[in-house]
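Q: So you can see what is in the structure, the chains are spelled out below.
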Amino acid sequence: MSGIQIHQINKSFNKGKVQALTDISFNVQPGELFGLIGPDGAGKTTLFRILTTLWLADSGTASVNGLDVIKQYADIRKIIGYMPGKFSLYQDLTVEENLQFFATLFHTSIEKNYDLIKDIYIQLEPFKARKAGKLSGGMKQKLALCCALIHKPKVLFLDEPTTGVDPVSRKEFWEMLKRLQKELTIVVSTPYMDEANLCDRIALIQKGHILQIDKPSAIINAFDKTLFAVKTSNMHKLISDVRDLTEVNSCFGFGDYLHVTTNNNSTDENHLIAAITAKQHTDIEVKIIQPEIEDCFMALMEKE
Amino acid sequence: MADKVIITENLTKKFGDFTAVDGISFHVNKGEIFGFLGANGAGKTTAMKMLIGIWEPTSGKAEVAGYDIYRDMENIKKSIGYMSQRFSLYEDIPVIENIRFFGGIYGLSRAEIKEKSAALLHKLNLTGESKTLVSALPLGWKQKLAFSLAIIHQPKIVFLDEPTGGVDPITRRKFWELIYDAANEGVTVFVTTHYMDEAEYCDRISIMVDGRIAALDSPAALKKQFNAENIDQIFTHLARGAKRTAD
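So the protein lines, in turn, are chains R and B.
Under numbering that gives the first Met the number 0, think of the first position of the first sequence as 0, with each following residue one higher.
Under numbering that gives the first Met the number 0, think of the first position of the second sequence as 0, with each following residue one higher.
Note that these hints are calculated values from the structure, not bench results.
Here a beta-carbon is modelled for each residue, glycine too, at the ideal position from N, C-alpha and C.
Hints may contain errors.
[What the hints assert, rightly or not] Taking lysine-lysine and the DSSO-like style, the derived pairs with C-alpha atoms no more than 30 Å apart in a straight line are:
{"id": "1", "chain 1": "B", "residue 1": "Lys173", "chain 2": "R", "residue 2": "Lys278"}
{"id": "2", "chain 1": "B", "residue 1": "Lys173", "chain 2": "R", "residue 2": "Lys214"}
{"id": "3", "chain 1": "R", "residue 1": "Lys236", "chain 2": "B", "residue 2": "Lys222"}
{"id": "4", "chain 1": "B", "residue 1": "Lys29", "chain 2": "R", "residue 2": "Lys230"}
{"id": "5", "chain 1": "R", "residue 1": "Lys153", "chain 2": "R", "residue 2": "Lys117"}
{"id": "6", "chain 1": "R", "residue 1": "Lys111", "chain 2": "R", "residue 2": "Lys77"}
{"id": "7", "chain 1": "R", "residue 1": "Lys224", "chain 2": "R", "residue 2": "Lys236"}
{"id": "8", "chain 1": "R", "residue 1": "Lys230", "chain 2": "B", "residue 2": "Lys3"}
{"id": "9", "chain 1": "R", "residue 1": "Lys16", "chain 2": "R", "residue 2": "Lys206"}
{"id": "10", "chain 1": "B", "residue 1": "Lys29", "chain 2": "R", "residue 2": "Lys170"}
{"id": "11", "chain 1": "R", "residue 1": "Lys206", "chain 2": "B", "residue 2": "Lys130"}
{"id": "12", "chain 1": "R", "residue 1": "Lys230", "chain 2": "R", "residue 2": "Lys177"}
{"id": "13", "chain 1": "B", "residue 1": "Lys122", "chain 2": "R", "residue 2": "Lys278"}
{"id": "14", "chain 1": "B", "residue 1": "Lys29", "chain 2": "R", "residue 2": "Lys302"}
{"id": "15", "chain 1": "B", "residue 1": "Lys29", "chain 2": "R", "residue 2": "Lys236"}
{"id": "16", "chain 1": "R", "residue 1": "Lys214", "chain 2": "R", "residue 2": "Lys236"}
{"id": "17", "chain 1": "B", "residue 1": "Lys48", "chain 2": "R", "residue 2": "Lys170"}
{"id": "18", "chain 1": "B", "residue 1": "Lys48", "chain 2": "B", "residue 2": "Lys173"}
[Claimed, not checked] Examples of chain B residues lying across from chain R (beta carbon under 8 Å, computed):
{"id": "19", "residue": "Leu138"}
{"id": "20", "residue": "Gly139"}
{"id": "21", "residue": "Trp140"}
{"id": "22", "residue": "Asp167"}
{"id": "23", "residue": "Arg172"}
{"id": "24", "residue": "Glu176"}
{"id": "25", "residue": "Leu177"}
{"id": "26", "residue": "Met195"}
{"id": "27", "residue": "Glu199"}
{"id": "28", "residue": "Tyr200"}
{"id": "29", "residue": "Ala227"}
{"id": "30", "residue": "Asp231"}
{"id": "31", "residue": "Gln232"}
{"id": "32", "residue": "Phe234"}
{"id": "33", "residue": "Arg239"}
{"id": "34", "residue": "Gly240"}
[As the list claims (entries may be wrong)] For each label pair, taking beta carbons as the anchor points, the in silico distance ranges come out as:
{"id": "35", "chain 1": "R", "residue 1": "Gly30", "chain 2": "B", "residue 2": "Asp180", "range": "47 to 55 Å"}
{"id": "36", "chain 1": "R", "residue 1": "Asn263", "chain 2": "B", "residue 2": "His236", "range": "51 to 59 Å"}
{"id": "37", "chain 1": "B", "residue 1": "Asn183", "chain 2": "R", "residue 2": "Gln289", "range": "42 to 50 Å"}
{"id": "38", "chain 1": "B", "residue 1": "Gly65", "chain 2": "R", "residue 2": "Asp243", "range": "23 to 31 Å"}
{"id": "39", "chain 1": "R", "residue 1": "Lys130", "chain 2": "B", "residue 2": "Arg211", "range": "24 to 32 Å"}
{"id": "40", "chain 1": "B", "residue 1": "Arg70", "chain 2": "R", "residue 2": "Thr276", "range": "26 to 34 Å"}
Based on the sequences and whatever the hints tell you, model everything.
A: So, in structure tokens, the structure goes:
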């Protein structure tokens, strides 16, 4: 059995006072790009540490590429690549020395698996004599990815590789992941909901619970309310005005629109337009839209 | 000029032969929410650090809250609030001691601190939690407290450096409602973010590329100017043209 199997994993800290993960069960298929989507404190890093054999779960079982995370932990460590959320390379070694170090640790060489990292390493090559601590954020991230790949792992774990990274660098990072996916199974976590659509399947996770697991498109299709986008000339005032309407179920800012659902779930915009007009708004625009993953996440959070 | 709380003119910062901020000129109006955007390494942190008095500029002029940034830095510090990436609270001391600490740092008298503490605890619904360690508070409460403390001395301007990174989507939106409230009370808000949807909540935004301001206007005007559907498209268009990659 390859891929990843997770069954009923629980993990707590501080003698049970903080429940980090509750009954987590799911599978990742071989060759899949699987996303763990959730905010800080959701339990993403805890789950990564259990799967990468750094922590023990309180209960439950898990296997990576058919290997048990407890009984066969040493074998798992040989076939996985792990890029933790914090930059964990040697700051006072150069780019090339870091890569050399990780290759040697896994009894291999840069040359042997160069094909896998070539696309990424080419961008680092001009700086190969620079100390890792002196690299820019984007370059550090690329080096960390190369180091996690240098032994040609079967499964790659990436814990928030794009946090704090600007939107353009984030897009480039995901393009790299899409190319790598042809070679290995990838589990990646992110707090950015817009990155969910780039995964084959995602788990939405919050406070140690999985809210939903599915393909991004299926999660969007499962959104069971009519979603309206609403805009007027006074958006600050509009939020409280819309929330005051008794028929409104939820109302959140979304860029230059509000996203609104109603209790009766009607598909008629006119009622909403009339109610907003009565509150002295002008330039009113109301339209029915497709939800995004972030709409789904917030709806699921409110159900919890 | 009374309605402009930040004015810069050719503001420049060099580190050796590297020009981090390259002659930026802009202003921020009183009471507006001003979004300060840019890719990693574009120079926004450096620019912000000059405005809040952490770094002295290499050249150029700037006034913050009516004070010159070379001569009157101490007065500027009293007129501004600052909330850094994530939270600036002390996790291992109680809520009430955080309030006293920040009140003291921002120069409030003992009597003022006493009065403000009670009002703040009441406003944030934290009266029963005053002796709770900050580390035990839910994320959303911490964020409200951190923001309230950054404006406890009623500053003219509050600087928020990526205040919503990693926060869940509902808490993130509630935080923006706090920003609106502060702006409605006349506080000018200067905010950096990597969430492009949040840029839309600002009255005006600037986008920095390679140390310069490549675009500056209201979100609606920028979308018209660049013929774009959203700010993300404009950001991508401008940042892809960047020459430098250093942080």
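Q: For each hint, tell me whether it holds in the structure or not.
A: Hint check results:
| no. | hint | in the structure |
| --- | --- | --- |
| 1 | B:Lys173 x R:Lys278 | 22 Å, holds |
| 2 | B:Lys173 x R:Lys214 | 28 Å, holds |
| 3 | R:Lys236 x B:Lys222 | 22 Å, holds |
| 4 | B:Lys29 x R:Lys230 | 25 Å, holds |
| 5 | R:Lys153 x R:Lys117 | 17 Å, holds |
| 6 | R:Lys111 x R:Lys77 | 16 Å, holds |
| 7 | R:Lys224 x R:Lys236 | 24 Å, holds |
| 8 | R:Lys230 x B:Lys3 | 29 Å, holds |
| 9 | R:Lys16 x R:Lys206 | 14 Å, holds |
| 10 | B:Lys29 x R:Lys170 | 35 Å, violated |
| 11 | R:Lys206 x B:Lys130 | 24 Å, holds |
| 12 | R:Lys230 x R:Lys177 | 36 Å, violated |
| 13 | B:Lys122 x R:Lys278 | 27 Å, holds |
| 14 | B:Lys29 x R:Lys302 | 40 Å, violated |
| 15 | B:Lys29 x R:Lys236 | 19 Å, holds |
| 16 | R:Lys214 x R:Lys236 | 36 Å, violated |
| 17 | B:Lys48 x R:Lys170 | 28 Å, holds |
| 18 | B:Lys48 x B:Lys173 | 27 Å, holds |
| 19 | Leu138 | 6 Å, holds |
| 20 | Gly139 | 10 Å, violated |
| 21 | Trp140 | 13 Å, violated |
| 22 | Asp167 | 4 Å, holds |
| 23 | Arg172 | 5 Å, holds |
| 24 | Glu176 | 7 Å, holds |
| 25 | Leu177 | 12 Å, violated |
| 26 | Met195 | 6 Å, holds |
| 27 | Glu199 | 4 Å, holds |
| 28 | Tyr200 | 6 Å, holds |
| 29 | Ala227 | 12 Å, violated |
| 30 | Asp231 | 6 Å, holds |
| 31 | Gln232 | 10 Å, violated |
| 32 | Phe234 | 6 Å, holds |
| 33 | Arg239 | 6 Å, holds |
| 34 | Gly240 | 10 Å, violated |
| 35 | R:Gly30 x B:Asp180: 47 to 55 Å | 49 Å, holds |
| 36 | R:Asn263 x B:His236: 51 to 59 Å | 42 Å, violated |
| 37 | B:Asn183 x R:Gln289: 42 to 50 Å | 32 Å, violated |
| 38 | B:Gly65 x R:Asp243: 23 to 31 Å | 39 Å, violated |
| 39 | R:Lys130 x B:Arg211: 24 to 32 Å | 29 Å, holds |
| 40 | B:Arg70 x R:Thr276: 26 to 34 Å | 53 Å, violated |
The structure does not agree with the numbered hints 10, 12, 14, 16, 20, 21, 25, 29, 31, 34, 36, 37, 38, 40 stated previously, though it agrees with the rest.
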